[in-house]
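Protein chains in written order, with my numbering: chain A, 1 to 135; chain B, 1 to 374; chain C, 1 to 142.
Just so you know, not all the hints are guaranteed correct.
[Said to hold, decoys possible] Residues from chain B that face chain C, not an exhaustive set, calculated with beta carbons under 7 Å:
id : residue
1  : Thr9
2  : Met96
3  : Asp98
4  : Ser100
5  : Pro328
[As the list claims (entries may be wrong)] The following label-pair restraints were derived from C-beta to C-beta distances:
id : chain 1 : residue 1 : chain 2 : residue 2 : range
6  : B       : His160    : C       : Lys72     : 38 to 46 Å
7  : C       : Lys73     : B       : His196    : 32 to 40 Å
8  : A       : His111    : C       : Arg32     : 25 to 33 Å
9  : A       : His111    : B       : Asn70     : 43 to 51 Å
10 : A       : Asn103    : C       : Val135    : 46 to 54 Å
11 : A       : Val29     : B       : Ala290    : 52 to 60 Å
12 : C       : Glu87     : B       : Phe78     : 19 to 27 Å
13 : A       : Thr96     : B       : Asn308    : 18 to 26 Å
14 : B       : Leu8      : C       : Ser61     : 42 to 50 Å
15 : B       : Val16     : C       : Lys73     : 34 to 42 Å
16 : A       : Lys46     : B       : Pro159    : 25 to 33 Å
17 : C       : Ser18     : B       : Ile35     : 30 to 38 Å
18 : A       : Val29     : B       : Gly63     : 49 to 57 Å
19 : C       : Ser27     : A       : Met1      : 49 to 57 Å
Treat the hints as calculated values from the structure; they're not laboratory data.
Owing to the predicted nature of the structure, the values given are computational and were not obtained by experimental measurement.
We put the beta carbon where it would ideally sit given N, CA and C, even for glycine.
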Amino acid sequence: MYGLEAISAQNGWAMAVAGSLIVMAGLTVLSLVISQLHKIAAFLEKGAEKRSQKRQAVKTVPKEAVAPKPPAFDTDEAQARLKPLVAELGESFELTNLYELANSGELPHVHLSIRSLRESGVIVPAGDGRFVWRD
Amino acid sequence: MDLLIQFLTNTGYYLVDFRNIIMLLVGSLFLYLAIAKEYEPLLLLPIGFGVLVGNIPFFKGFGLGIYEPNSVLHYLYFGVTTGVYPSIVFLGLGAMTDFSSLLAMPRLMLLGAAAQMGIYFTLLSALALGFLPREAGSIAIIGGADGPTSIFLTAKLAPHLIGPIAIAAYSYMALIPIIQPPIMRLLTTKEERRIHMPDMREVSRTEKLLFPAAGLLLCCFLAPASIPLLGPFFFGNLMKESGVVDRLAQTARTAIIDTATIFLGFTVGASTQADVFLTPKAVGIFFLGAVAFSIATASGVLFGKIMNLFMKQKINPLLGAAGVSAVPGSAREVHSVGLKSDPTNYLLMHAMACNSSGVIGSAICAGILWSFLV
Amino acid sequence: MPVEIQTIEPLAFFQGLSYIELEQFASLLKPRSVKKGEVLLRQGTPAMTFFIILSGTFTVSLEKGRAYTLDKKGTVIGWSTVIAPFEYTGTAMAETDGEVLSISSNDFFQLIQNNNALGKKIIAKIDKIASERRVLSSKEKR
């Protein structure tokens, strides 16, 4: 059996029409949902912000219950540890030299500290592979 | 002496016939296209070499061939026949896709949906040519322009056609730069090709986290048969966007997808033997594959034009061609044709959005066809 | 050998990219040593790779006998990989031994697929350079 007869015998028209409609409808609904996602995201972010503000307003927890000190890639702490070393290296320096100096001083989380300072814009490139410290 | 004769009669030199030679030449052609021309090398090289391996004549019964139980190739082929490899590939695809462009402009998803009409047109054409319904469904999915999806559905509906369908699908994906541009130019005017798309807004991290959950639930509730593909796909995407399992996401989009691609391509190639490939059916499949890709491109472009009849802010109809889910090939072609019409018209990011929606659309269509034809 | 971020960060093309974006880019760049006389790309062939000069001097020969020299670190050769006409508009040859970084168009488009925000930044850079090229070529035509 060939041609239109074969299509009709095998229910081809129904499959094609139904299939087309289902995929179009499905992706249309998905696109409608996606178009509203930014509103849901904004609502969730607002809720999260309110919750974090509430937490900050709560009284400080007694000393015994304080969480352990965060790792030393906290930017402020990383700055305090690495600034003296940068002063030793001069106005501009290579990252590998800073890395070696920090390691020899047995500072914790050297790689993460340097990375966090780069991402926060404290250590910035000066060209030709050298970097400078920006307060 | 008898031993020597027995050995010689078991060699490939003794057992070879002209069909093996033809298939070895086909495999060599794929290798040439992959290496010398760099046409989709990640796919054509494993497939081409698999064709060579699968068509070396051997004495059946030694447990060597891909169709012989307990052979090494047969165990590797398990991932194809059960649909495991395509699922793993989709995991990696989800982990490497950024949906920001699609989230910023959700209406582009409709172009991805429209491009799937190529699948249903090809279904009708295959039935008209006398293919059985399950075979027709497997051939139709070539129009989705997604290799893993084609292999997945064919493994479920018509496993004896995996070889020719996979090779047709991947061959036409490699020929996208030849198939699509003429159709795009034929169906659009110069003014339409010059339509500039608006800049996309920034998409928040929360939106990118919500999308895989929303996509999974909406798509898989509609077509549960697409769970093996879309489940891993959205899982991979969530891993990528969550930022808390970077190592897993990185592995999914590199080592895991590469491993699955190697074994998928290699075993599909090895399964493509002369008695299945060198048949009138295979010729029909190749012809229908070209129809599928062409209709998919045309339907995407035409839908873009139809959308412009109703929308204040016009869409560049070229983007419809990117709804064909050959990622990133069709997006690149749309970008290329757009730039040739207007050197300041950069359509790449919008085309990527349509591409991504095409992947989802073709997986849904696979689920729909599987549920119709099971 | 993988390319280090410190190598590409100071280059003009990569200005404005975040650390993570530089990491993603660096993972796809391939360093390549080039010998004097070696042809990097030929006019008229499909543009499948673009190159970034790290060292060395390169001559790009165009049609009608025109040519220009590129030796500045960070200069990109092979823009046609990502903009029209998508085939090389000149032949680039190394005048001296040098080193370049290369990225294939497949890897480049995959990078954009993986990070749309990076894609937007790169498109903006490409647009700027392409418009400068258009201005230059229209001046030459006059």
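*Which of the stated hints cannot be reconciled with the structure, identified by number in ascending sequence?*
Of the numbered hints given earlier, those the structure breaks are 1, 6, 11, 12, 13, 14, 15 and 16, listed in rising order.
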